[in-house]
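Student: Assemble the dimeric complex from its two separately framed chains, guided by the hints.
From first to last, the protein sequence lines are chains A and B. To get our numbering, take the position in the first sequence, counting from 1, and add 818. To get our numbering, take the position in the second sequence, counting from 1, and add 148.
I should point out that these hints are in silico values taken from the structure, not numbers from a laboratory. One or more of the hints may lead you astray.
Stated by the list, open to error - BS3-like mimics (lysine-lysine), calculated; alpha carbons at most 25 Å apart, straight line:
{"#": "1", "chain 1": "A", "residue 1": "K890", "chain 2": "B", "residue 2": "K381"}
{"#": "2", "chain 1": "B", "residue 1": "K381", "chain 2": "A", "residue 2": "K862"}
{"#": "3", "chain 1": "A", "residue 1": "K849", "chain 2": "A", "residue 2": "K871"}
{"#": "4", "chain 1": "A", "residue 1": "K890", "chain 2": "B", "residue 2": "K546"}
{"#": "5", "chain 1": "B", "residue 1": "K166", "chain 2": "A", "residue 2": "K862"}
{"#": "6", "chain 1": "A", "residue 1": "K871", "chain 2": "A", "residue 2": "K890"}
{"#": "7", "chain 1": "A", "residue 1": "K862", "chain 2": "B", "residue 2": "K498"}
{"#": "8", "chain 1": "B", "residue 1": "K166", "chain 2": "B", "residue 2": "K381"}
{"#": "9", "chain 1": "A", "residue 1": "K890", "chain 2": "A", "residue 2": "K862"}
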Amino acid sequence: MSEAEIEIHNPAYAGLPPEATLQRVSFPRLKRGARLRLGLLNNKKPNGTELLKLIEERLGRLFQLEARTYTKGDGAHGAPSEMIRELASFAEVAITATCD
Amino acid sequence: MVSVATEAFAPLARIEMKAWGWEVPLARIQHPLGGIPLDQVASRADAVVEFFLAQTTGEGATAAVEVPQIPQDPMLRAPADVVAFLDFVAARGLGDGLPVVPPTPARVEAMLRSCGADPEQVVGRFPPRRLLATVRDVAVNAVLAGCPEPGFPVVLAALRAALAEEFNLLGVLATTHPCGITVIVSGPAARSLGLNSGLSLYGPGSRLNAGIGRAVRLALQNLGGAWPGSVDKSTQGSPAKYTYCFAENLEASPWGPYHVERGFDASATTVTVASGEGPHNVHDPASRTAESLLRYLCTSMAHSGHNGIYHKGDLFLVLCPEHAELLASAGYDRRRIREHIFETARVPGKNLGRDCYEHFTGRWPEDEPRPADMETSLLALTRGPDQIHVLVAGGAGKHSSWIPTFGLSYSATVPLERR
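Next up, chain B with everything else stripped away, as it sits in the complex (with noise of 0.2 Å):
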């Protein structure tokens, strides 16, 4: 076998592989390859080539790829200073630029007996690298992150959620799409844990919502891989992969709990991840029907540039409690707004040009209806009306966001587990 990779692309073709067990003859060619005119593409295919024969005729040399340097000790000794502290886990890949807590074993294991789980259970194998990753091991990264001790468990929650195969979390980590892991916390804990679900939900200013979604992310590119730049692919990356954690303000739904919806009992605390974008602010201070709200709404949301429209994949619709409660009032629930988005937030066809059209439809998803004409196709956000998530979250005024997502992936929710 020959993998082909282009070079911006060829370490995390090798971790990945490697993860897998196996070391690839790796041809790397040219970065790009999407967009670029036809003889650049044969000036590739003429290196593929050569790579060919210098690998099966042994006619030429190959060579090799840098993949990022992690160090592989379970304990390793760092500077006491605060600032020589900061620049050494720099040096290592090991945090994401803001300042860290250091792991040190008496925080772990203060970590570790806060949640009562037994440290050597697993919690999963996280791609690229699929080494089996424990409580234990995410401890440490939820130290390092800052997380107070009673986010742990949403933590653990977020992480296994990650793992269901619908979320695609390979895809979601090495993709070139802006998304973060959106940690969503539906039910009664969100209050007692004390996760901010009013204003400035999204940051800054809660510890907690700020924790637990940094030590996602931290878990995630430690254990997992994705380091950004070399295995985390983003174009231009996203404030929303530092952290992205919130709670829904569930005193203020005039629907009951969001994770009713997905099956579980109201009673119940739940954890949901979905690959989001940042999200996308909605200020509709003015409107006094639920009509002239929706249309806003839709409006808004109906527009080209995210994956939504031809990958599909779910998108979250949070609406603040004054947004929630005027639809509430014209009798709208979540299926009604649901439906209604489905249906009236369409996107033109000829708005994404004629290359990204044909491009796009070209590879639609085989199950769903092929769009044909591109001055008069109107494109749905999502496969259906169930891909559309509505809760209420935020505090006083009238700002509401929606938050598109990878497309390439769907959202998880699981219980939260608490000892």
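In isolation and in its complexed conformation, chain A is listed as follows (with noise of 0.2 Å):
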């Protein structure tokens, strides 16, 4: 370190390590026409509903669709435990969104 150099702590860095190692989502390799059951989950924000029914409805037009919509308390908290485990357990593929 030169003289014209000082030694500080990083203001960013926490020294435990997070809580979880990433994993990649696997997503499903799917032809179109085949069988789907998509999971949507709305955080109410303006034109949510709409862009997940439009989204909803064209990939009606690419696959063999099964759809349910789920929708949170509000855009400012997470979902419930319980509405992500009857996602998970229902959707092969789910489609959330974070936006404004």
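Tutor: Structure representation (structure tokens):
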């Protein structure tokens, strides 16, 4: 370290490890026309319902779709665990949203 | 799983998913989504479907999401020159734009010694990064913020309070709403510590108030990852985000300490956090009666534009001593004031305009009676009187203030622990 430098603690460093190791979500390989159980998680933000309906409609033209929509209480809290479990047990693919 | 995010929210989505241990395909769509015509929503739906096909059938390509590059090493080498140091901090996204103090090992050790807490004690997991932060990690940010050593226990208490489930820290840090972390100290230690509860209590002036509030903010920014712009998505930001700490003026309070109403002993000192907007001023220099003053307070608070009318949450009424005295002399205590405000300060539904009225009432809290008619409805500011918090602070003069909050967050109070 030169005289023109100082040593400091990194303010963004937290010494303990993160809770989870990173896992890549595996995605089912599908062919057009295949059966697909789709879960849609609505965060109730403006136009969120409309966006998810349009996505469902479009995917319905490409796959044999069985879709269910799950709606959170609001956009600033996570979905309840029970809702996540239900979604995970039903859906092969889930679509969630983070926007405004 | 596919996560859909507008471009503006993609870094937040990526950081949050990573914190939970998942690398999820992220479909980026053009921002915004809210408030646009349906044909534009349809084009965004097309983009999601295109992404979906790329993931599932291999048709098409996906784009990467840029997330802030924050230094990972525990120690950094930085320029000794004062101005060059500020540039160093700014370039790494570790500050807030104002001058900071280099957190050298000697300064951090002194901060830790002043507090007496175990440096390795875990304070908590601050979202969205959710790394486990220790007392030492927080002390680094307290030094950076220029927080005087006596304020460090208040910083630790405020951060612990902010982790209360009802506070919804992730929502508070990531929202587009302009809320800061309002830190309110109530009890005898506020005076012995030297916190300002009188003239100019919101600032500027008190190094202790300013340092505590700023340390809380910088700790949540740097350890939690609430970097402005990429993760802190506040549309316009707020001066309240730099620092926001004050003490109750216990000596001038006709009703005793605020924290007694929150279930603490009068002799205790507590730290409350709220997701406050900047204080909204109410200047009433003329009222001679409590009724006149309350009318002015209520009409000042009953305006549209803040989140309380549809998300509910808490609000704080911070009465100046002279206004508090007028109300107390007429027999008003905190409960009567709260009840009066809840019943009287109402926002006409028609003030919201048709689109906002339908949007908000369509997403009304499930356990709240839903207003029906826009033309005649009068919307309360909170769920009930108990979400209106009344305390006394400030000096001479007749300016009170009220603090609306994020709404999807409730304040939390913890005792101040001092060794």
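Student: Compare the structure with each hint and give your call.
Tutor: So, going through the hints one by one against the coordinates:
At roughly 20 Å between alpha-carbon atoms, K890(A) and K381(B) fall within 25 Å of each other, so this suggested pair holds. For the given pair, K381(B) sits about 18 Å from K862(A) by alpha-carbon distance, which is consistent with the 25 Å threshold. A threshold of 25 Å between alpha carbons decides the hint, and for K849(A) with K871(A) the separation of about 22 Å falls inside it, so the pair holds. Between the alpha carbons of K890(A) and K546(B) the distance comes to roughly 44 Å, so the proposed pair goes past 25 Å and is violated.
Of the pairs offered as hints, the one joining K166(B) and K862(A) holds, with about 23 Å between alpha carbons and a cut-off of 25 Å not exceeded. Simply put, K871(A) and K890(A) have alpha-carbon atoms about 16 Å apart, close enough for the 25 Å limit, and the pair holds. Straight-line distance between C-alpha atoms of K862(A) and K498(B) comes to about 22 Å, which keeps the hinted pair within the 25 Å bound. Proposed proximity of K166(B) and K381(B) is supported: the alpha carbons are some 18 Å apart, at most 25 Å.
Using a Cα cut-off of 25 Å, the hinted pair K890(A) and K862(A) holds, with the two alpha carbons roughly 7 Å apart.
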